[in-house]
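S.K.: In order, the protein sequence lines correspond to chains A and B.
For the first sequence, the numbering used here assigns the number 249 to the initial residue and increments by one for each residue that follows.
For the second sequence, the numbering used here assigns the number 1066 to the initial residue and increments by one for each residue that follows.
Simulated from the structure, these hints should not be mistaken for lab results.
Keep in mind that this is a model prediction, so the values were computed, not measured.
Wrong hints could be hidden among the right ones.
Stated by the list, open to error - The calculated label-pair distances, taken between Cβ atoms and stated as ranges, are: (1) Asn1131(B) with Ala327(A): 36 to 46 Å; (2) Thr1172(B) with Thr299(A): 39 to 49 Å; (3) Ala262(A) with Gln1096(B): 37 to 47 Å.
Ideal placement from N, C-alpha and C gives every residue a C-beta, glycine not left out.
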Amino acid sequence: IAGITQAPTSQILAAGRRMTLRCTQDMRHNAMYWYRQDLGLGLRLIHYSNTAGTTGKGEVPDGYSVSRANTDDFPLTLASAVPSQTSVYFCASSDSGEGDYGYTFGSGTRLTVV
Amino acid sequence: QKEVEQNSGPLSVPEGAIASLNCTYSDRGSQSFFWYRQYSGKSPELIMFIYSNGDKEDGRFTAQLNKASQYVSLLIRDSQPSDSATYLCVRTGSARQLTFGSGTQLTVLP
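Just need the whole structure built from these sequences, with the hints factored in.
M.R.: Printed below as a string of structure tokens:
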């Protein structure tokens, strides 16, 4: 593993089903984030975690939950998928150091809810 | 009003020209900004980071920040077809969270 790994790459999901998007990083970054990207709306923050054991809500958290049991993993769960959750989901991480703390992004999960 | 505004484009420039990408922001307390590049179907990748008023140069890229005017720009000199992508203007916020603009699509014509 190098950087951030997301799985699956893509998924078609029936409405009402539960699904977990996986995200693992090997850079020992403290902070991790989940974004969704929709055409014309850019990337919007769903949930974040500044350190293992803590999580917070972003701009669009409804219908999603996260956990951060350890530094490396930050799964995103859709409890009961709806078509409006069709999107591309990006996991990202950042170091907690000062100065330039740009994000490193995973390759994304393309989710279609039908 | 969106927190970070970008012209969605598309912006087309000929190969070798200077591409100018612009961004305005609403939160006067914003301290620093990133420019990310995103190729179609790929994840965003960091190009530049700027937090001081003025210009910051890195190779063919120059980021410009004017906090009084709440304006950020990215100049790409000697544009190449490989620069064709969507460019995202991003501001930093609390808890190290980033707020993304919706992006400007750039096409460099051979």
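S.K.: The structure should be examined with respect to each hint, and the outcome stated for every one.
M.R.: Structure-based check of each hint:
{"no.": "1", "hint": "Asn1131(B) with Ala327(A): 36 to 46 Å", "result": "holds (45 Å)"}
{"no.": "2", "hint": "Thr1172(B) with Thr299(A): 39 to 49 Å", "result": "holds (41 Å)"}
{"no.": "3", "hint": "Ala262(A) with Gln1096(B): 37 to 47 Å", "result": "holds (44 Å)"}
Of the numbered hints stated above, none is contradicted by the structure.
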